[in-house]
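*Asks:* Listed below are the residues making up each chain.
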Amino acid sequence: MNPSDSFINTITNLSIVDAIQSVLETITSPSKDTAIPKQNNANQGYFKKPVTFIVILQIGFHAALGFSFGAIAFSQGKMISITTAFTCVMNFIANVLANCNHEIDTTKYPSLYGGEFLYYVFLKIKDETIKSMKSHNMAYQITAPVLCSLFFQEGDFISTVKTLLTAIGISFSINFFLYISDTTIRLFLSQKIEKTNALFPELSNVTTDLSKNTLMTQFLTRTILQSSEIGKEIISYTPPTSSAAAFVNATNAYSILQENHFVHTNQLAGKISRFFKSAPNLHLAEEILRINTLANLSLPHYAYGTSQEELMFHFSCIMKTLCVYVGGFGLAISLPVVPSDYNKRNYHESKLSKEEDPVETWLSPSAILEIEYAVQSILRLLSGSSKLTKNSYYFSHLHLLIPSMLSSLHLLHKGIHHYCSSQMKIEMGTGNFAMGVGTGVHGKEANLNRFIAVRHPNLKRIIAACEDTTKLVTSGERVEEEWRQSRLLNNECKVWLNSILE
Amino acid sequence: MTTRQQKLNQTLFRTSPYQAKQSTHLQFESRPVMEKNLLIDTHRSTLATSTSASDVSITSLIYFYRRVLSALFMLLSLLTIAPTCCVVVLAALSYMSCGHPAFVAIVTLLVTMFVRSQIVRYAPTKKQAVRALRASKIILPLLCVIASALICRLCVYVGVMNRKIGTSSKNLWSACQTGFYLGTLGLFLNLLVLFRFVGPLAVGECFTSALEQFLSSYII
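Chain order of the listed sequences is A and B.
Numbering-wise, this note's numbering comes out as the position in the first sequence, counting from 1, plus 6.
Numbering-wise, this note's numbering comes out as the position in the second sequence, counting from 1, plus 24.
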């Protein structure tokens, strides 16, 4: 009998498939206790569940490859092979499925350069291994396969003990190696891009700055928005720098142009918000590239190209892209949707009334990190461009986009407040968060601010970044007054603006 | 529009005299004309088509696979090289200490620990102690190894210890074999981890959008 046949027979006899399915169900399905959000630190979030069919196939794959590995590596009988198969499966369940570890949390791994990288890999693995050794998880991962394999013991007592000790050692080693491998991949994927142009090999073949910048603009726009149509629209809509500068003093024409940009950005933000809400299944590679590209844009040294005029065009395209992205994201998390049956059932169990159903939007740590990078990038590009023109950026090409910027930042601010207030309602309903002293609008606002500070410090950082950017945009008395009275911005936005500037 | 304003335009907005002059006329242009002049730039529209969605997808895939594969390659190469490196280091120590590498290792460990504790004890401030410890991180063990090897060699010359001769070439070859064996085994296990993130069975995600469907999401 070959190893695969014996493995299939074993599985059939023990009905392991049923056992695995029940374990999977308990891990992947939301239980009564965890259905209501409970966030204790900034890294917690809400994640998409992997497809059960794929998970079962993965378990099968792990079992098969683990068994073959045991059979090839250690010719010590069936018991060791079964141990290796179970170890691989248990490692997959414990390290990938449990605690939503299938989601790559880029916030866990800082970016490293040069020599410290290997040292950090070593330190990180050491820390995480010690942490996992202390938890029951590791003991479970080692003992479970060993106990299972005891059913297949052959020979006398002494040989069984020998094999058992070998099985424990092998199980530990395999777990350790799989863990190292998994952590290293996550660490590598979470590294920021040092140079954006290194991503795009075609750029090295292009000689003129114009083409390089245009290509880079297209690439970044497409990467950030994940939509080539919107990217193309942004690029074709942005006027060349010289023309924009020529229009600055032509008050009517310039204000019309500014208004057009404002309307256009809002339209695109609306489009992109639907894209966010529909939760598209992007490839992991595209998600990773987007988050790392945004991280690169938010770095202080971000600059590309030599021609000032082209660079301004590049900056304004990227700025508009970021405005669309930020505004779209803000809209996406602030739009209320009808709760599904599942959600309604939980609301009935909690103390919430039907009228106060919270929005059915959930943010993962990566989504929060990405939006933080986007706001930081706006700030960086603004400060970068003001250095570039030497005059105030007020007179530069980016001035066209100021209403769009303010509107987008306001949308994001509003969205975060909306998201957090709905989260607060849920937590108050379940008794996880107590309302502080204070009544009326001010009391509610104080409670919300306290909730954001306690439960979502990362969102609080984004709000602070929004406010800083707004202050930078509207810096200067004349400019500040102009934007307070601007007819483009709606009243809500003006109120928000006044609250920041006062 | 006067020449003065043209000059002002030129200075403020770094435009050419021609553009500064042009801007005076543009004030009176109607909106469609302006859109024709500014908003719809056919040259850029054409250029915009040059980067297609597939280009970015390919770039993202290249970027992604490069990172994943380099992570796995790093581990595999470490596994393959580690036994050989160990044997080489042991052989070097053995040569330096006339066949007593264990003695060198123990002495190095003890001396390093002793010196570090002395640094902490006698440093005037805590900050200076940390700085000194950081500075001596690599240098101190290295010096200890050399010193203990020399002491060992001296002991052998004096006659306190015996000279031992090892078969290093045989060890090296067996270490290479062990390295290859471990590398092959590591490849097997790496494949398991690789297919968690890559391929049709991938479950790894980095979800960056706002999730709407609560049914397909769950909470930790």
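Treat each hint with caution, since some may be false.
[As the list claims (entries may be wrong)] Simulated pairs of lysine to any residue, SDA-like, Cα-Cα distance not exceeding 25 angstroms:
(1) A/K132 - B/P224
(2) A/K55 - B/P224
(3) A/K84 - A/T166
(4) A/K114 - B/M98
(5) A/K450 - A/D474
(6) A/K130 - A/K84
(7) A/K114 - B/Y205
(8) A/K132 - B/L211
(9) A/K168 - A/F194
(10) A/K130 - B/P224
(11) A/K238 - B/P224
(12) A/K84 - B/L93
(13) A/K114 - A/T166
The hints are simulated quantities; they were obtained by calculation from the structure and are not laboratory data.
Please read these numbers as outputs of a predicted model, since none were measured by experiment.
*Asks:* Please go over all the hints and tell whether each is borne out by the structure.
*Replies:* Here is how each hint holds up against the structure:
no.: 1; hint: A/K132 - B/P224; in the structure: 32 angstroms, violated
no.: 2; hint: A/K55 - B/P224; in the structure: 16 angstroms, holds
no.: 3; hint: A/K84 - A/T166; in the structure: 12 angstroms, holds
no.: 4; hint: A/K114 - B/M98; in the structure: 21 angstroms, holds
no.: 5; hint: A/K450 - A/D474; in the structure: 24 angstroms, holds
no.: 6; hint: A/K130 - A/K84; in the structure: 35 angstroms, violated
no.: 7; hint: A/K114 - B/Y205; in the structure: 33 angstroms, violated
no.: 8; hint: A/K132 - B/L211; in the structure: 22 angstroms, holds
no.: 9; hint: A/K168 - A/F194; in the structure: 39 angstroms, violated
no.: 10; hint: A/K130 - B/P224; in the structure: 29 angstroms, violated
no.: 11; hint: A/K238 - B/P224; in the structure: 31 angstroms, violated
no.: 12; hint: A/K84 - B/L93; in the structure: 32 angstroms, violated
no.: 13; hint: A/K114 - A/T166; in the structure: 42 angstroms, violated
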